[in-house]
Every structure is written in structure tokens, then in C-alpha cells.
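Using the hints provided, position chains G, D and F relative to the given structure of chain P.
Protein chains in written order, with the numbering used here: chain P, 4 to 349; chain G, 4 to 349; chain D, 4 to 349; chain F, 4 to 349.
For the record, the hints were derived by calculation from the structure and aren't laboratory data.
This structure is a prediction, so every number in the text was calculated from the model and none was measured.
Some hints here could point you the wrong way.
Pairs involving identical chains hold if they fit within one copy or between any two copies, as the list cannot separate such chains.
[Claimed, not checked] Under the rule of at most 25 Å between Cα atoms (straight-line distance), these lysine to aspartate or glutamate pairs were calculated in the DMTMM-like manner: (1) Lys-330 with Glu-61; (2) Lys-135 with Asp-82; (3) Lys-229 with Glu-144; (4) Lys-330 with Glu-303; (5) Lys-307 with Asp-69.
Number of protein chains: 4
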Amino acid sequence: MIKIGIVGYGYWGPNLVRNFFEVPEKFTVAAVCDMNADRLRAAQLRYPSVRMTSDVHEIINAPDIDAIAIATPVSTHFDLAYRALRAGKHVLVEKPLTSTVEQAEQLVEFAEARRRTLMVDHTFVYTGAVRKMRELVETGELGTLYYYDSVRVNLGLFQHDVDVIWDLAVHDLSIMDYVVGEHPIGVSATGSSHIDGRAENIAYVTMFFESSLIAHIHVNWLAPVKVRRTMVGGSRKMVVYDDVEPSEKIKVYDKGVDVRGPEDIYRRLISYRSGDMTAPQLDIAEALRTEVYEFASAIEQNRKPLTDGEAGLRVVRLLQAATHSMKARGRLVDVSAAKVAHDSVY
Amino acid sequence: MIKIGIVGYGYWGPNLVRNFFEVPEKFTVAAVCDMNADRLRAAQLRYPSVRMTSDVHEIINAPDIDAIAIATPVSTHFDLAYRALRAGKHVLVEKPLTSTVEQAEQLVEFAEARRRTLMVDHTFVYTGAVRKMRELVETGELGTLYYYDSVRVNLGLFQHDVDVIWDLAVHDLSIMDYVVGEHPIGVSATGSSHIDGRAENIAYVTMFFESSLIAHIHVNWLAPVKVRRTMVGGSRKMVVYDDVEPSEKIKVYDKGVDVRGPEDIYRRLISYRSGDMTAPQLDIAEALRTEVYEFASAIEQNRKPLTDGEAGLRVVRLLQAATHSMKARGRLVDVSAAKVAHDSVY
Amino acid sequence: MIKIGIVGYGYWGPNLVRNFFEVPEKFTVAAVCDMNADRLRAAQLRYPSVRMTSDVHEIINAPDIDAIAIATPVSTHFDLAYRALRAGKHVLVEKPLTSTVEQAEQLVEFAEARRRTLMVDHTFVYTGAVRKMRELVETGELGTLYYYDSVRVNLGLFQHDVDVIWDLAVHDLSIMDYVVGEHPIGVSATGSSHIDGRAENIAYVTMFFESSLIAHIHVNWLAPVKVRRTMVGGSRKMVVYDDVEPSEKIKVYDKGVDVRGPEDIYRRLISYRSGDMTAPQLDIAEALRTEVYEFASAIEQNRKPLTDGEAGLRVVRLLQAATHSMKARGRLVDVSAAKVAHDSVY
Amino acid sequence: MIKIGIVGYGYWGPNLVRNFFEVPEKFTVAAVCDMNADRLRAAQLRYPSVRMTSDVHEIINAPDIDAIAIATPVSTHFDLAYRALRAGKHVLVEKPLTSTVEQAEQLVEFAEARRRTLMVDHTFVYTGAVRKMRELVETGELGTLYYYDSVRVNLGLFQHDVDVIWDLAVHDLSIMDYVVGEHPIGVSATGSSHIDGRAENIAYVTMFFESSLIAHIHVNWLAPVKVRRTMVGGSRKMVVYDDVEPSEKIKVYDKGVDVRGPEDIYRRLISYRSGDMTAPQLDIAEALRTEVYEFASAIEQNRKPLTDGEAGLRVVRLLQAATHSMKARGRLVDVSAAKVAHDSVY
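One chain only, chain P, in its complex shape (with noise of 0.2 Å):
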């Protein structure tokens, strides 16, 4: 049985909170922590036997405590996971990991070095949705991969901290690194802010890899429909996941063309393939249950989670990429030294 105590009761929290309770047979929610009264409050209605709290320390340093899950504002992460990390708990964090690349470098090694269990929270990947797609990608079914697009657009909510590519792009980026199996090389994004004195509000993001592959992903806070669209191209198949379906989320498309002919590159014939769509059943339990039973295995085992450190780093070097090449109207960055300077302390 883990002791788990959750820190943040906002948004996000009381998903979390509810899952844990809904998995007794692996954890037992020990405590919970906000530092907003109203919100302890409701938390308190709603589960009276959980010991309520606005002093994150207390939850950090409890010693019945084995785990600690963080759902705060991205800024709080690295420091509230170091000090977890530090006080030997496990640690599930929120999405994006942290705030810059050097911070989730620091959390990774120093996870590994306390062997404790640090994850992310990209529930997407848990969806039937996303590891559908995962497999058809696995198994070759899709063949090579030509290109990754993804639409996430929808009117608010407008974010006081991030730009719509830490808010939005971070789900399609997390998406992206579980399904394609390879990881971008450079990156090129654009973007614009509407609103005086806000980070951006609609950017595109297009990601280059050593292959053809070429993946891109937009995001609009401002538009006037809410869109979730992810096409995944490749030699042999084509899949559109679309979110917004209430069912049929996946569709595969037998669709393609071939080339033949001479050896005479221009002279090769291009012939198109279109055969049916089969849009498979899906597992349709909730994502974050899964998550939190990978959470529970991963620290028994004492093995990697599925959305590891690792995994959440990779993504905020994508991230921090972006907002680079963003503000430098579409330059290509180098994701691998997409490294911002370091100014953190501890």
C-alpha cells in the first residue's frame, strides 16, 4: 500500500485525488495541500478522512507519507519535486516536468541518484486513443513515417504564466514522443500575442528529425471552434485521431501511393492507393486511472515508468525549443543545445 499525498486542489488536484481514491488496493490518500482555505474546504467535504493542509512542507517531510503527486503551476515543479525527491518520496509530477531543460536535467539525475520513482503526468498517453496509435506505429502497420500534424485550438483559457505552447503544444509534444518513436532534431516555430502584455496566443511548431519525417503542431487559444485533430502520415497507412468524436476517435485509412518504375528518378510513376477505413474499438478507460495503477507498478517494481523523467524532459526541451525559434520568427533551434542559461539555485 502506498501513502500518497497530493500537493494542488485546483484544476487538475481533485482528478488526481479521486483516481487515488479509486485504486485502494494501491494507495491510501494520506494528505492533501493548497494553499487556498476555500479549496481545502471542499476537499475536506468531500473526503473527510483526508488530513487537510496549506503547508507544503508538511506534506514533503511526513514520514507515513511514501509519495507525493504535484499539480501546481509549472513554475513550483522543480522545486517542490527536489524537495520530494530530496525527502526520499516518490514523485508524479503535472505536466510540462518543469520549467526549463536544466531543471529536468537536475530532476532526472538527481532521481536516479535517490532511486526514487520520478513521472510525468501526460495522461494523454494513457488514453485507448494514444496507444492505439502507438501500436499501429509499433507494429509497422503504418510503414515508414512521413509526417506527424496536429490542431489544438479552442477559445480559452488564455494562461497568465505560459504561452499557448507550454499550455497546449506540451499534450501534442507528449502525444508525439510516445507514438513516433524518434526524437526531433530542430525545431522552427512561429507565433503571435494579441492581447498587450501577454506571451503568445497562436503559434505553430514544426519539428524536423534525422529521417523525412516531419512532425507540426498548432495551437490557438483564440479560435472560434475546438479542434483536435492529430494526422499521422506514413508509407503504408494513414490514421486521423480526433478527440473531439465522442466516439471513432481513430481512424485508419488504407491510403497511400506507391512509386514504380524506372530507375530514372523523374520518370517514376506515382500511382494512389485507397482502400478502407477501419475505425478500431478502443479501450475506453479513464487515462488517469491507468496512469495511476503504471504509477503504483513502476514504484513496486522499481523499474522506469512509462512517462518517466526522461520522457518529461525531452518534452520541455521541445517546449523551451519552440518558444526559442518562436521569438526568432521560425529559426531553426538545435534541440539538443535548446539550453537555457542557468539562474536556479539549490
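For chains G, D and F alone, coordinates are given in the frame of chain P:
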């Protein structure tokens, strides 16, 4: 009565011939030219009264012809249009106007010097849907423009001679040129080719303006589904133009954000507006019919047509800048400087 | 403050309890009753302050309870509601109000005699979408009503005790009863059962009115897709209400036909009108919340609620007539005569 | 080579003429007949080589014509087809075959007696989508059929001479006749007219079979949106055929219910199956082209065509039964007895 000759009876030419025929109060179709004997025979069967020829000079120099419509591969546009203007004809050229900015500049100047009408066939500009978008921008109903985002993807047809930007994005650029009323100053584009020896089959083009307006076009020859969707966001309203919809192609959303509060921009409050959506009734006249009338009016009234040589030139500038930027993986290209070295001689 | 007891904590009961809880200025939830011990335990965990009981008499006769909400199987509605009214309670009953017309008539009379509020839980009547439809009819925006057509199909859940009309069409009938403002005089229904020993799982119900209005409801438990679509056609405008749409549930079409011409009706000309489509912004408050307020207001003001016993009775009349007609393969059944023999004794 | 004459060059005739022209290895278009001079002129312009006439007798009696295609108003079908058969021609008749069951029976008998091919133009039967549905039924992929449900609604065009059943439901009846492989024995129909002096513009038709299969067709000339959707439910799989979809017109759902358990049917358990959905690739050949080939083959091989006179007769039986039932507000009409009094003389 304008006597017209049509050069090129391949994919688009038959549409031109049919529309000139169906406006008999303005045009008499005098001759059709194509180098392919089968096509000429098909044209003759359909239009027994029209002179058919495989010799383009015969049409261009025919004394009984007043105007020439050119629907041949883009690489031939400049040469044919130039000769036709030199022979004193009015000219309508399939889009894109030419293969290079310099050619387009020459054509525009030459038409000016010869006092002949030079028109580019930006067909979408004459649709009810696009004219409605223009009206929404022009009357201020959308407010200040924030973004122009367009997706034009489907499976096929790979072109032999041009990349996907010149084939598909040309439509979006010609629509945007008409609708937006502002001209891009910088372009950042990315793309990839997935067939050896072929030009890019997927591309993403971002355009920057003097204002905070940002435009983006996504084109792809290898998509499993056909998407033709443009979103235009403004400070007052937003529009979605979905050309795949059989009706209700234009939807106007009374949605947006309002910013209120103190001078201190960091403390201002953002609120969201969400009102009615309206799909206005659109003029359903065939676009090419309207365009043919415009060509006639411009000739008769000795005035610039709505899609004049300048419009064609502006679009070629963007195409050329986009292709340059794509080769440089997103490097920002200044639109006004996107000229290529002069290597054509006339 | 109204002290309320809820009988039945199965599928719908928890929604009732939650909504009464969330209107603390009007209601105090005093007790919850269910015969299933597991459900009671779940309720107790969730609402530690509430009295839980498996004895319905305890709730019905409790002196500290003013009103009873009944969310049990339909066959028990009459008996429970009757006892509650006899005990001087106000009563809110899940739809359909009762199993027979006679029971409904008795309840309505009894509530009248006891001067207690009798309300039926026609939840959809309290949604923003349905209230908008009512408004469009009431203000004359649709003109004279021509037809009311509704489709409510999906896969599952087969009910044990009632046919698909009593399970699904009851929603449409309650919506129609509120929206249309006219009452059917005749019913012709057809249907079929595809599982041995079970009631009909697919049914079609046509209703005739004094005017030329015609209404039709299609319900099906065995459809591969979920459809929830109502079309209402009037002489001036038409409405499509699609409840599966996440937003834009209501679309108003400025479409129709106009008849002009000579006295001789055979020579009149029909012309078609096709104007804008508008999707009005809808109130998105939870329907059950609005309904709970209406229950409180009706009790406090000693007036009939919007969905009073009469509304419940009218819907039961149609349900019973439809089932009768269905058994007779479409034979027209007079709504006012659709009584069944009296076999209940109280 | 079959020499064909086409009678009627209004809405559908031009499609027939074009398709006969485009199958030159089977057909020579010898003559076209229409009583309207403008239409004849348009036909002459388009097909200068074809003989044009306004005298139907000239075509019917022409010794150089082997077959006649009839695309005139339904009230004239019987007379024209009868004369053509009497003159020894093979005949293709627009749907519905005739105005009455008796006429259809006479035509079928007469064609049999004269040993001439009588074919009805049930065009949809020749589409890839409908043939796929037939295949799914015939191979048993759907299992036992439970229901056939079709909606065909839109705005306009009101017909002068027939009600909406004869105009629109005729399509669904001809498709169903081909797909289902069972014939209805009873019909219950309802409908309403909303324009004085005109036939019913909205109708609902239920059909019963020997088995528990039930069929229903909803047709409406006054709907604000165009719907063309057929659902076919079977014990193993279900199909949705949406003819408004540009692609993926057919979707096959591996969904259904399974019933298990004890002999006692009241205690059996129902479980739900929900597997993949597949949209099979369809033959996209023009239906009328395929139909024209079938007409030629039937003549050449001296065999019944797929949509022979009997098919036309079966559809007319259902149309007539439906109209009768509709006049009687849903009264069940026996299909085999749905004859009208004989009042034509030949």
C-alpha cells in the same frame, strides 16, 4: 463582342471554354489550341463551330482574336502571355501568374505599357464564400484581424514540375490577398518530400505582417482526408470557411475575448464572449462565370480587373518567398527581397 | 427551507441528490432511501450528514420531511407518489409519471385534493436548447407549425419492464408537449421486437393534431450510432435540434416555401426561400438545477410547476396510445380514449 | 450495336442520352424526342448527329430503332412503354415504372408475351454503395435482418402530380427491394400536406415482413437540411449508408446484442458487443453507366435485367399500398391486395 482564343485544353481549359461559351453576350469563342491531338478532337466534338489548332502562334497572332486565355503549365505562362500582349491581345492567365517574381513584374509592366488588360485566374476570389469573407473584413464586422489560418490537404495529385506550395497554397494565397487587405512582409516556411527526386509534398507557411496579424497555410498531397478549412480570427468576430461543406460554407462566430482592467497590463482581466453563430446565405453563382464577366468588363471599361496582374505578382512573391524559406528550414524571408536571379531572355 | 427525501438511489437518484445539495438556500436533504445496501453505503460515504434508510415508509411518513423525490422503476411510481401525497408531502416523480393513464389521472386529482405540489421530472424541458425551441414557437418566429420529427436511437440499454417507447420516446413526448403548444388527438405507431420474450426495441410513432401539424418519433435500442435529432418545420422558419452536438445544439434555418398565384390552387406557384442559418447561444445551466429551483418555487408560491401532473398525464396518455397502436400495427388510436381497464385498487 | 431512341429530354433524359453516347461499343443514339422545342434545340446543339423529333410515334415506330428509353412524367409511362413493346422495342422506363399496380402487371405480362426486355431505371441499385449493402446482406455478414430504416428529406422540389412518397420514397423502396431479399407483406403509412390543394409533402412509411424485420422510410420535401441516410440492423452487424458523405458512404459496425442464459426468456441476460467500424472502399463508377451496360447485356443475352419489370412492379405495389394507408391514417394495408380499380383500356 470580344473574340477569345483559349490556349490549353487539359484540366482547366474545358471549364474556361464552357464558361466563355455560356456568356455569348460578351464573348465569342474563336479558337482553341492544344498540342495534344486527342484533346483537340474532344474539343472539336463538343464545339464544332470553333477553330481548333495545335499551333499557338496561329492563335496569338490571329487578327480576328481580341483576347487570349492561357491554361497551360505554369512554366509556359510568361512566354505565352508576353507574346499575346505583344500581339496586342488582352490576357487572362491561369494561376500562378508566372514561375518567378521577375517574370510577373515584367508582365505587369508590359501590359501597362501596351495598355492591355492582364488578369490572373484567381478563381476562388469570385466565389460567394470568399466574397462574403471579404465583406466581413471590409465592413469591420470581424474587427482587427488577428490570424488567417488555412488547411488544404488531400490525397494526390502529385505535380511533376512544382512543389505543393505552388500547387495548393496558391489558392489560399490568392484568397488571402483578396480578403485580408494587408500584405505579408515576412515568410517562414517548412516542408518535406517523401518521394525520392520529387519536390516537397507537405508544407507549412507562416506569414508575418506589419500588424500583429499572422497567417498560416498548411498544404499536403498525402493526407487521407480532404480538408479545405480557413479560420479567420478578429477582435470582434471569427469566421470558419469550410469549402468541403455542401452548404453553410461560411460560419460567423460572435466569439472573442475582452480585456478590461487597470493600466497595469499584467493585472488586466480577460473575459470570454460567446454569442450566436450565423451561416449567411451565399451567392451560389459559378465562380468562373462571374470571373468571365469581370474579364469582359475590365476590357470594355479599360480598367484593372479585380484580380489584376498586380494581384498575380503579389501571390508569386509569396510563393517564391515560401519556397526559399522552406529550403532554409523556416528561415525568415523578406517578401520584398524574394527575387531570384534573372535568367530568362526575351 | 424545504426538507427533502429522495427515494431511489440507482441511475438517476444520485443526480437528484447532488442537485438538491447544491441548492442549499432552498433544500435540505434529510434522507435517502434505497433497497440496495451497496447503493446506500455509497450514498452514505458521499453524504455523511444524510440519514440513510431502506424503509420507504420511514421517509414517506417522516414528520421532518416536506417533499419527496421519487426515482424508482415506473411500476412503483403511482404507489409511492400516492402514499407521499397522502402523507402530506409535495412530490417530484421521475418520468414517466405512472404506468397507466388512470393512475396518472388519480394522482393529479389526489394532489389537487390534498393541495400538494405534484411535479414530473421532464428534465429536458429545463435545458437551454428546449427552452429556446419553445421560445421560437411561442414568439411566432417559426410561423405555423408543419411537423415535429424526432429521432432518438443508440445501442442499448434494453429495459426489462417497458418497451422502447416508454423508455426513449417519453423524452421526446415531454419535449414536444412543452414546445408545440398543441396536443395530439390521434396516434399511429409501429414497432418490432428482435429478442424473444422482450418488448419492442424499435418503434415509430406518428401523432396527428387538429391542425395539419404532424409529429413523428423514431426510437431504437439497436442502432449502431447515437442520434438525438429533432426537426421542427414551420411556415416561416425551421429548427434542427441536435443534442449530440457539443455546442450549436439548435440551428434555426430561414428556409421554406412560399405559395403565390391565382385563386385556382392547382395553378399556384411554389417558390423556395433560403436565407441565413443561425445557431443561437444557449443557456448552459444544468437542466436539473433549473428544475430543482422550479420545484422549490412551485411549493413556495403554491402554484403549478412548469411540468406539473397534467403534463405528466398528457405524456402517459400518448405513451399508452402509442403502445396500443403498435400492438395493432399502426391502427389509429384516439388519444382521449386511450384508457386501459381499471385494475388497481387504492 | 443497339440503336436507341430516348423519349423525354427534361431533368433525367440528358443523363440517359449522355450515358448511351459514352457506351459507343453497345449503343448508337438514333433519336431524341421531347415536346418542348427549347429542349430539343439544346439537345441538337449538344448532339448534332442525332435525329430530333417532337413526335413520339416517329421514335416508337421507327424501323431503325431497337430500344426505347422513357424519361417522361410517370402518368405517361404505361402508355409509352406499352406502345414501344407493341412496336417490338426493348424498353427502359424511368422509375416508378407506372402509376398503378395494374398497369405494371400489364406491362410485365406484355413484355413477357412479346419477348422483349423491360427494364426499370432503379438507378441507385447500380451504385457502389448499394451493391456493397446487398453484398453484406447476401453473404450473411449482417446476420438476420432486424430493421431497414431510411430518411430522405430536403427542401423542394414539390412535384405537381405525385405525393412525396411517389417522388422520394420510390428511391428507398427500389434500394430496399434489391438489398433486403425479402418482400413486405403489410404497409402502414402516415403523412400530411401543408400546401392547400397539394399532395402530401411529408410521409412516414412502415413495412412489415413475414419475419420480424421492420422497414421504415421517412420522406419530406420541407426539411431545412438534406439527409440521405439508411440504417440496416442485423443480428451480427449493422450498416449506415449516408449518401450525403462525399466518401465513406458505407460504414459497417461490428455492434449488436447477445442474449444468453437460461431457458426462461425473462431471465436471460443481454450483453452488448462493440467492435471495429469499417468503411469499405466502394466502386465509384457512375451508376447510370453500369445500368446502361446491364440494359445492353440483358438485350444481347435475352435475359431478365437486374432491375426488371417485376422489380418495378414490386415497387409500385408498395407505393400504392403506402398512399392508400396514408389516406387512412396508418391503417395496415395488405401489399398483395393493394390494387386499384381498372380504368385504363388498351
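Failing hints, ascending? Checked against the structure, the hints that fail are numbers 1, 2 and 4, while the rest are satisfied.
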